[in-house]
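Student: So you can see what is in the structure, the chains are spelled out below.
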Amino acid sequence: MSYASLSNRSKNVVNKKMTFWESIYLPAILGGMATTLRHFFMKKNTLRYPEQQREFAPVFRGWHVLKRDENGAENCTACGLCAVACPAEAITMVAEERQKGEEKLYREEKYAAVYEINMLRCIFCGLCEEACPKEAIFLTDRIVPSDYVRQNFIFGKDMLVEGIEPEHRIDVTKRQKHLVEKKQA
Amino acid sequence: MLTLSILVLSVLAEKLGLISVLFLVTLGIAAYSTYGERKIAAYMQDRLGPDRAGPYGILQPIADGVKMFMKEDFIPINSERWLFILAPGIFMFVACMTSAVIPWGTTLTAFGANLDLQVTDVNIGILYIMGFVSLGVFGIMIGGWASNNKFALYGAIRASSQMISYELAMGLSIIALIMLTGSLSLRTIAEQQSGFQWNVLYQPLGFLIFFVCALAECNRAPFDMAECETELVGGYHTEYSSMKLGFFLFAEYINMFVSAAVISTLYFGGYNFPGIDPAWLWGFMGPVVLFSKIFFFIFVFMWIRWTLPRFRYDQLMHLGWKALIPLSILNMLLTGLGVLLFNPL
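Heads up: the sequence lines are chains A and B, in that order. All residue numbers for the first sequence refer to the working numbering, where the first residue is 5 and numbers rise by one. All residue numbers for the second sequence refer to the working numbering, where the first residue is 9 and numbers rise by one.
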């Protein structure tokens, strides 16, 4: 019984006898050699890696960053929405109340004393970023480095929060939807 | 007496110099064939190939050689120890010997001295080459048997039966060529093809058969039955490591170089090219022409390897016994008829 081809690209296989020209192989061999010779002069796809690097797509999701506001205070209020949204159960945190004199460090009255992402559990889906009401967590175009020990893949605040100094800030404008849309408009 | 000994010494020095130069050139070309092979493979697969060792990766053969020497030299405990060690040596030795009778050019006439560009002009040059090529199977056979490993033995058996089958067709196609040239000396054959009187024009079918058989004799794809990874791990050199493996692989590239040289000499005019006198540049023009032809044929060998998939073993035997041998006998009959009609003795 025969089935209709969905793609219209399937060929019917027939066990027919080879013709004379097919049975002496030579025309087919020359045709094949013409193909390889054509590829010989084609543009090569190789990228010489350490010197050249392939550009990431703007939607690339890698190593997370916890953002600070323009004054250098952490945006995160430890509301836990990211941890709830996370399908891989990779995020844990411990919330704490902001003390007097810490206004420079934390933007609102509550902050995350501990914030950990298990990079081995994380599937880099970006749902934490979507869940965040404070624009505190973003996925960036940095690749999580490899390691020999599982323990080292649990990234704490030391690995996640960006630096205060302008040169240590991490640019996430590509991932901020309202900014991207404003730019396009 | 004194003059005689001086004469002997000078001839000896001349030949020794030629042999050493030829040896070095052979090794150099074989080494850089590995680089060329990888580059050509890469380019035909839209890649760049080795480019880390030196500019464009031209130091890659040296890096490969150093790697081969530094590897652990392992001899399996069940192997026939001395034969296991001897086999790569035999293979390498036989591969290097064949280039002795190839005329690389006419005569060098630099600094008032004359130097024949051929190690020895034996009048049975073609038989000499055929003899040594068939000795090459001993290296593979002994290596595969001494390994005491079933894959190695299978590879060796395949290699020897393949070589025996294709040597018949090769010899028959050469007989047709000899009927035209009337000589077995490679020097004479090369001289006869001056200008554009190349033998390939009179022996196109013979050339085709010879070329296919040369591919099979070199164990090159699509006839690399002896070492097909998918079925036999590494074939006859499965158990070999370090520079012993290096010798096997290296000798195959030397074989390829010599085959290209023999094909150029027998069918493509040797050091002759229309419009170019091989005696130009104090006689250096001959080697230049011949080596360009050799490089072209090495390229074709690699081109074929990276185009065609491997034959199945029964297809290989079918092609050898049922197609090439009848064809070469037909070619022999046609040549004899042609000689009778157009060139009565």
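Please keep in mind that the hints were generated in silico from the structure rather than gathered at the bench. Please note: incorrect hints may appear among the correct ones.
Listed next, the in silico DSS-like pairs over lysine-lysine satisfying Cα-Cα at most 27 angstroms (straight line) [claimed, not checked]:
{"hint": "1", "chain 1": "A", "residue 1": "Lys21", "chain 2": "B", "residue 2": "Lys330"}
{"hint": "2", "chain 1": "A", "residue 1": "Lys181", "chain 2": "A", "residue 2": "Lys71"}
{"hint": "3", "chain 1": "B", "residue 1": "Lys330", "chain 2": "A", "residue 2": "Lys20"}
Student: Are the hints correct? Go through all of them and say.
Tutor: These are the hints, each one checked on the structure:
Our distance criterion of 27 angstroms between C-alpha atoms is met by Lys21 of chain A and Lys330 of chain B, whose separation comes to about 18 angstroms. Note on Lys181 of chain A and Lys71 of chain A: the hinted pairing holds, with a Cα-Cα distance of about 16 angstroms set against a maximum of 27 angstroms. About 21 angstroms separates the Cα atoms of Lys330 of chain B and Lys20 of chain A, which keeps this hinted pair within 27 angstroms; it holds.
Of the numbered hints listed earlier, not one is contradicted by the structure.
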